[in-house]
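Construct the entire structure; sequences and hints are all you get.
Chains as they are written, first to last, in our numbering: chain V, 1 to 230; chain L, 1 to 230.
Calculated from the structure, these hints are not laboratory results.
Remember, it's a predicted structure, so these values are computed and weren't measured experimentally.
Among the hints, a few may not be true.
Copies of the same chain look alike in the list, so a pair counts if it works inside one copy or between any two.
Claimed, not checked - Using 25 Å as the maximum straight-line C-alpha spacing, the simulated DMTMM-like pairs for lysine to aspartate or glutamate come out as follows:
(1) Lys96 to Glu187
(2) Lys218 to Asp59
(3) Lys96 to Asp117
(4) Lys96 to Asp152
(5) Lys96 to Glu13
(6) Lys96 to Glu197
(7) Lys96 to Glu151
(8) Lys55 to Asp15
(9) Lys96 to Asp173
(10) Lys218 to Glu197
(11) Lys55 to Asp159
There are 2 protein chains.
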Amino acid sequence: MAGLSQERIVQIERDILGKNDDLANVNRARFAEVGVFALNLVSSPGAGKTSLLVKTISDLKDLQPIAVIEGDQQTSNDAERIRATGVPAVQVNTGKGCHLDASMVGAAFDRLPSIHDGLLFIENVGNLVCPAAFDLGEAHKVVVFSTTEGEDKPLKYPDMFAASSLMLINKIDLLPHLDFDLARTIEYARRVNPRIEVLTVSARSGEGMPAFYAWIAKRAAAVASGVAAK
Amino acid sequence: MAGLSQERIVQIERDILGKNDDLANVNRARFAEVGVFALNLVSSPGAGKTSLLVKTISDLKDLQPIAVIEGDQQTSNDAERIRATGVPAVQVNTGKGCHLDASMVGAAFDRLPSIHDGLLFIENVGNLVCPAAFDLGEAHKVVVFSTTEGEDKPLKYPDMFAASSLMLINKIDLLPHLDFDLARTIEYARRVNPRIEVLTVSARSGEGMPAFYAWIAKRAAAVASGVAAK
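See the structure below:
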């Protein structure tokens, strides 16, 4: 295109992803050094990532230090919602960009107070495509998927479900009002990623959230003991 | 990054968008030549674009020729759902890509039968970021936004709402079960785009759909008479 061959564009994409992977490994080493367990939350816009974080933080903040990095094209609404829970949050605005990258996360982590042996939640830009390819240095990607989005999304956006360790199916309080086949959704997700774990939750009612907290504790312990670091 | 300066990346993006705009104008001229009115439907994944199209086609297909171009990262599920209504549909898979471009749409249009004086619906990849920047040759972008996505999305993803002529607020049958402030959503969309038109619909119950059909008829007539061609 305009003097750029397809091969050249593919090479540029490879360069950008390679550089990002290097920076992600720097982030991962920094997190490990201070015992921070980092999760990268990805989803469509409106799946309920921020509500889920607000509920999680309210329930867990007295047990360990927590901090949040918020990604959005525009606004600092989400960081403000997080700060209202009493934990520190840094907002990153990506402008035209459709995902966070490792460089943004490293710079945001510098601006957070120390959370030694704590939890770092990174809420990515709401997007089922772009964030899949970008490692931020997290221990795991967690894809939040809401019951209102339709069963076929794991097949239509396979990269994101393949890249995630856990699928949180949110808004299960709405199930009685929807035509939504939960079993089929899980089957489709496992077709794309046979190892993906699945939990059903409602950030609004709190249903299922304790199982998510147990998952975090188990996975954080595994990373701390060096068993499952990526 | 890896030998690519920020300035060089910006220049590459400009080249890609410039080339796309040229091809979009070719598409637009081709549509005009055969009296085709084209709409580019954009939304988050799961907002209900395909269900809305299936309902629209069922109600309008006896009045005029209709065809559909379907964009998804993977699968041909949506084209199959459309073909089940009896109108032709071409599926485009974008692979790693997060949006359709004018070149894909031109090639897909070649594969469709003639729809002289008809309607062409282009269903973009579910994504509130990437499709905003890419003109496909459509008369208008229509952003489909569902009541389950939260009021703040027009502020958080402003480019998409700024680029759209119409916001269809879908899934209004779920309003009794949600904490969703319809008036605030509209206020936020108008803050980003004072000229955006707004209709509330339910593709499932059919509520509000006739107003969407009236909007299509009015806008198609305007394009046909040369008043509002983009």
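Q | Ascending list of hint numbers which this structure does not respect | A | 3, 8, 9 and 11
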